[in-house]
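Novice: From just these sequences and the hints, can you work out the full model?
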Amino acid sequence: MNFIKKQSVWGWVLLGSAISALIGFIIYMVSDTTGYLAGNHVNAATIILPIAAILLAGVVFAISEKLEKVKGVMVLIAGLCVAITMGVQVYCHHSVFADAWFIPVNYPEAEDVTVAQTIASVVFYAISMIGFIVACMKDNYTKEA
Amino acid sequence: MAKPKLWRGLMVLGGFAIAASVTAATLMEYYRDPLDQLLGTQSVKTTYETIEDGENHEDPWNFKSNFKTAKEAHDGFKEFALKEGDEAFALLKNKNEALPISKTQKITLLGLRSYAAIYGNTGGSIADKVTVEDGNRIYEAFKDEGFEINPSMLATYKAYCDTLTWGGKGFGAVPPGYSELNVADRVEELSKSELSAINPEYEKDFGTYDTAVVVLGRIGGESVGYTKSEQPTATRTIMGISDEEKEILSLAKEKFKKVIVLINSTQVMEFSELKNDDGIDAIMWIGYPGAYGFHGVARNLNGTVNPSAHLGDFFPTNGLTAPGMQSMGNVPWANASDFDKAANVNGYLVEAEGIYTGYRYYESRYADIVNGVTGASNAKAGTYTDGTGKLAKVDGTWNYLNETNYPFGHGLSYTTFTQTLDSVSIKGDKRTAEVKVTVKNTGSRAGKSVVQLYAQAPYTEYDKEHGVERSAIQLMDFEKTKLLEPNESQTITMNVDMENLAAYDNDTAKTFIVEGGKHYFAIGDDSHDALNNILAKQGKTTAHGMTANGDASKVYEWDWGGGVDAKTFSVSETGTEITNHLSDGIYSMDLNTFMPGTVTYLTRKDWNGTFPKEYAGLEAKNADLVKALGNDIITLKTNDDTSAYKWGVKNDIQLKDMKGAKWDDERWETLIDEVSITEFLDFASHAFHHIQEIPSVGYAGNDADDGPGGSDTHYFENGFYQGVQYSEADSTPYKGMGSRVAPAQQNLAYTWNKELAYENGQIILGESSLVFNLPIMIGPGANLHRHGYNGRGGEYYSEDPILSGYIGSASVQGAQELGCIINIKHAAFNDQEINRSGVAVFMEEQKARELELRNLKQLFVGGGKPASFVADETKSETYTEGALGVMTSYNRIGAVASSANRGVMVDIMRNEWGFKGYNVTDFTGVSLKAAPKESIMAGTTAFCGFGSPSLDYWSEEVLSKDTEMCAAIKEDIKYVLYPLANSNALNGLNSNVIIHREEVNTSWRIGYKSAIGVSSTLTAAFAVGAIIDLVKKLKGAK
Chain S
1 MNFIKKQSVW
11 GWVLLGSAIS
21 ALIGFIIYMV
31 SDTTGYLAGN
41 HVNAATIILP
51 IAAILLAGVV
61 FAISEKLEKV
71 KGVMVLIAGL
81 CVAITMGVQV
91 YCHHSVFADA
101 WFIPVNYPEA
111 EDVTVAQTIA
121 SVVFYAISMI
131 GFIVACMKDN
141 YTKEA
Chain C
146 MAKPKLWRGL
156 MVLGGFAIAA
166 SVTAATLMEY
176 YRDPLDQLLG
186 TQSVKTTYET
196 IEDGENHEDP
206 WNFKSNFKTA
216 KEAHDGFKEF
226 ALKEGDEAFA
236 LLKNKNEALP
246 ISKTQKITLL
256 GLRSYAAIYG
266 NTGGSIADKV
276 TVEDGNRIYE
286 AFKDEGFEIN
296 PSMLATYKAY
306 CDTLTWGGKG
316 FGAVPPGYSE
326 LNVADRVEEL
336 SKSELSAINP
346 EYEKDFGTYD
356 TAVVVLGRIG
366 GESVGYTKSE
376 QPTATRTIMG
386 ISDEEKEILS
396 LAKEKFKKVI
406 VLINSTQVME
416 FSELKNDDGI
426 DAIMWIGYPG
436 AYGFHGVARN
446 LNGTVNPSAH
456 LGDFFPTNGL
466 TAPGMQSMGN
476 VPWANASDFD
486 KAANVNGYLV
496 EAEGIYTGYR
506 YYESRYADIV
516 NGVTGASNAK
526 AGTYTDGTGK
536 LAKVDGTWNY
546 LNETNYPFGH
556 GLSYTTFTQT
566 LDSVSIKGDK
576 RTAEVKVTVK
586 NTGSRAGKSV
596 VQLYAQAPYT
606 EYDKEHGVER
616 SAIQLMDFEK
626 TKLLEPNESQ
636 TITMNVDMEN
646 LAAYDNDTAK
656 TFIVEGGKHY
666 FAIGDDSHDA
676 LNNILAKQGK
686 TTAHGMTANG
696 DASKVYEWDW
706 GGGVDAKTFS
716 VSETGTEITN
726 HLSDGIYSMD
736 LNTFMPGTVT
746 YLTRKDWNGT
756 FPKEYAGLEA
766 KNADLVKALG
776 NDIITLKTND
786 DTSAYKWGVK
796 NDIQLKDMKG
806 AKWDDERWET
816 LIDEVSITEF
826 LDFASHAFHH
836 IQEIPSVGYA
846 GNDADDGPGG
856 SDTHYFENGF
866 YQGVQYSEAD
876 STPYKGMGSR
886 VAPAQQNLAY
896 TWNKELAYEN
906 GQIILGESSL
916 VFNLPIMIGP
926 GANLHRHGYN
936 GRGGEYYSED
946 PILSGYIGSA
956 SVQGAQELGC
966 IINIKHAAFN
976 DQEINRSGVA
986 VFMEEQKARE
996 LELRNLKQLF
1006 VGGGKPASFV
1016 ADETKSETYT
1026 EGALGVMTSY
1036 NRIGAVASSA
1046 NRGVMVDIMR
1056 NEWGFKGYNV
1066 TDFTGVSLKA
1076 APKESIMAGT
1086 TAFCGFGSPS
1096 LDYWSEEVLS
1106 KDTEMCAAIK
1116 EDIKYVLYPL
1126 ANSNALNGLN
1136 SNVIIHREEV
1146 NTSWRIGYKS
1156 AIGVSSTLTA
1166 AFAVGAIIDL
1176 VKKLKGAK
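As given, the protein sequences belong to chains S and C, one line each in that order.
Numbering (my numbering) for the first sequence: 1 to 145.
Numbering (my numbering) for the second sequence: 146 to 1183.
Source of the hints: derived by calculation from the structure; they are not laboratory data.
These numbers come from a predicted model, not from an experiment.
Wrong hints could be hidden among the right ones.
What the hints assert, rightly or not - Okay, derived cross-link-like pairs now, DSS-like style, lysine-lysine, Cα gap no bigger than 30 Å in a straight line:
1. S:Lys69 to C:Lys1178
2. S:Lys143 to C:Lys373
3. C:Lys486 to C:Lys248
4. C:Lys1154 to C:Lys766
5. C:Lys248 to C:Lys373
6. C:Lys251 to C:Lys420
7. C:Lys486 to C:Lys766
8. C:Lys150 to S:Lys5
9. C:Lys1061 to C:Lys1154
10. C:Lys398 to C:Lys251
11. S:Lys69 to C:Lys150
12. C:Lys402 to C:Lys391
13. C:Lys804 to C:Lys1061
14. C:Lys150 to S:Lys138
15. C:Lys1020 to C:Lys627
16. C:Lys223 to C:Lys209
17. C:Lys880 to C:Lys1154
18. C:Lys1115 to C:Lys1074
19. C:Lys240 to C:Lys223
20. C:Lys337 to C:Lys288
21. S:Lys143 to C:Lys349
22. C:Lys585 to S:Lys66
23. S:Lys66 to C:Lys1178
24. C:Lys1178 to S:Lys6
25. C:Lys150 to S:Lys143
26. C:Lys1178 to S:Lys138
27. S:Lys66 to C:Lys1180
28. S:Lys69 to C:Lys1180
29. S:Lys66 to C:Lys1177
30. C:Lys398 to C:Lys288
31. S:Lys6 to C:Lys150
32. S:Lys138 to C:Lys1180
33. C:Lys1115 to C:Lys807
34. C:Lys373 to C:Lys1074
35. C:Lys420 to C:Lys400
36. S:Lys138 to S:Lys5
37. C:Lys1020 to S:Lys143
38. C:Lys228 to C:Lys1020
39. S:Lys138 to C:Lys1177
40. C:Lys1177 to S:Lys69
Specialist: See the structure below:
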């Protein structure tokens, strides 16, 4: 069986989780380094945790048959990384939400964009996390030979 | 096996729940104060413990509220709002005594705003929605006052408005209005066809309810930005009457016996066609009446009270002809993108009109035409109106009557008065003059009259040669009589501050000057009438082009004597030399400093040739300009010897020991040394509606709140009397009602009543401060109206520095009497809402000094004490201390962030005016756009925000190495502690009283703690489950 056909539904769910996390990560990095927050200091956790999650998920997807004993734990850790990332990221951007909420007539349009990007990133991370939850519960990522 | 996998999945879910609840908890605590304000919770409870030490102590509650219960507070605020409402509406036209109408008149309310009335701003000083809903809507108030209202017309508008969204969402107050109608780019009005579509029989009761009350309005508020685009229809501008409004007015004229128009706007609407229209019987300006205000409108209409308000702005036929309108709105720097986004560089305003704003322009140009000044009436296309109210499309002749709808100071009454200028006595040092005026009610109804005292200084050859501009007429002082019965008289003695007559010569003398030559004092019904009186004294008549012959008997003429007097007003009351601070260097407000020869300022020598233009497309290239715009002006020293400065010293003194202490008390230094730089920085960075604790001096912290119209976020159920919450808090019928109930600030100014303004300060600001335990109230709003399109004009007073300054000063003094630390807003030059954060405002120093700063100075130094207070022994202790707080503006002063402009903040405010108070930025946080290090060194004590400074120099480690910074921080700490010690922030405290602040388990705290607990427990349980199953699995494998 070739590699693609070997993957089970849950393997694709796992890959989907990784891709969703990657999209969320990219959107967040764009929001944190361009536009209203250009020049901002980026919190290391918002880089390390999602990358760790993506790498763990990617490795499991690629060689799950060789990781029988540890793949479940790896996917668990990946899911937790994404869950924590969402919290850290919301905390890091809370001031832009505060500007929009407390003084809704004062903030520049660029801040609106940042708020939207942060929300979009969180949505993708949430999708990723749901995928990891499912993937944790169904760890047969490849089809039986 | 299925189970371990289930546990793993649940652990991820549990991990998310923990992360989410911890994040939520952190953010909730971070935004604790605004969260409390939003939810009506109280996360910190303050209690007072008295230690019996056997000694006599003064009553710790030295500032006492008059309101002991929620009911008393509700009733007290209501009583004042109704009182102010009686004097806050200006009768502009009253043809053949159409008004007053009968108390039981049958009326038809016409116009969308007759149902969806505008009670207050859409943002900032919003009228209290719950109060409005409690039977005080326009039609409810009118019914209460006795009018019978056309039910079918009411039902028609109701049917339409029921499709709209009432109220809205957001932090703080929600406006009592329909959100779809809160628009500034078009006029919302229903045409006749639209009315027919809603109710084909909407006209059926017109015959019975045969007096039409047509309401026309424009919204306003924080961040409402009107632009000057001319509409491509019959409508002239957004402030002109729209096509639909014209339809409604035509309908009214056609179908009704009497037509009354109410102008429900604080923006300067343009409606001169109504003034001249015989089909319109009466016009009343009502501004934004406030939550209870339509009771007052009805009482003015039906004669229960006699209208006594007067306009505090010039109302032009077409606002686009105002010189100040030529540079407004969005005028971006061509190279704004060259700057760091964090520096907040967007646009600029070149205020080339100089002192010629509002009536100063229109009356001065009129005077020059009457005096035959060559070219004064020549006008380029687009700078004058064509007689129909539209901008002229060809060059032509400027004509005062074409340009004017109503002059500054205009207001009618149901009775008549005579005013006699009895005497003028100028004191030997020429700094004050005593002016006596007798007012007599010569009519048949009781009423109040306003004495408006104006002056004219000569426009001399020196002025022309040295670029000093002079207005032909300027308000010097004003007073309002008591209620005069028919035939009753009152003599008022005014002590006039002659400094306000001086012009600022920024080119040559570089100070305030007065010159030899004929000067005039005049009284009049309005600014134009007063000017006509002066012109009559000068021998002019209608033959010279005057609009009417004046009365020379109302004028006093004198000669200042000598040549140019640059001494009398060259030193401030603090002994500080008054000289240029805004004309040179990086703090200059004159764009020509950075770009020589760019700006031509408007001059009386050549009205037409120097009429202002926009100056669009400028690039900021000059090195100083770039530096200023970049908000990084000062380089911190890194290794000064600052060992002389002591920080965090454990001295045995607390802030409460300094309660009521004077500024020069020796103990301040000992107290200030207890505060560390870190503690100051923490205090300074947490000022969003908050006064951060300072533990080293025993200050426990407090809440603060907006705004000029009362507390934005506190309601009567949260009220306190001497530290104890109102007993009926949980069951009060006033739940959800608050203190934002009085008419708008602009309405208050239009009362021209200093005593009423003082009472406004006592009640709206002072009592709000005591009832809700808010030592800082961010108000009054006191920026001048540069033109009628500000959008936020209703939260400020007037175009005139004396009317605005004296009304604002009265409000400040009233509030401070109750221990409130007012924050005058904004310092300074907040002339528009568009680009308000970051816009660079440029002008000559003469304009800055004579208009905005002269205005603000009155609030800072306690200017304009009412004549009745001067004459009253019991009031001798009033007006003895200047303002103790200010909020700086979002806009730049020149190119420098307002809080960092040393010229205004230090040289003028602190040194010339002797300002000793708290200085907070607007909502900038500690970010580059507020230029924090420069601002601290310019006397800023706090930055409105939630902490999280985004600058790497914001630390004790960095700032302690610069001597000037250390000295500035020491001063700033005193500027914080002195107002706190002299305010109600220390209410309830004495040397034998200890304050305890206990954290309270609010509903939201219980919520996040439960969430953390449950999620942690479950996650742990899931982990245990996973481990147990794994162990079983491993054992099974063996």
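Novice: Hint by hint, which ones does the structure fall short of?
Specialist: Hints 2, 3, 4, 5, 9, 19, 21, 22, 37 not satisfied by this model.
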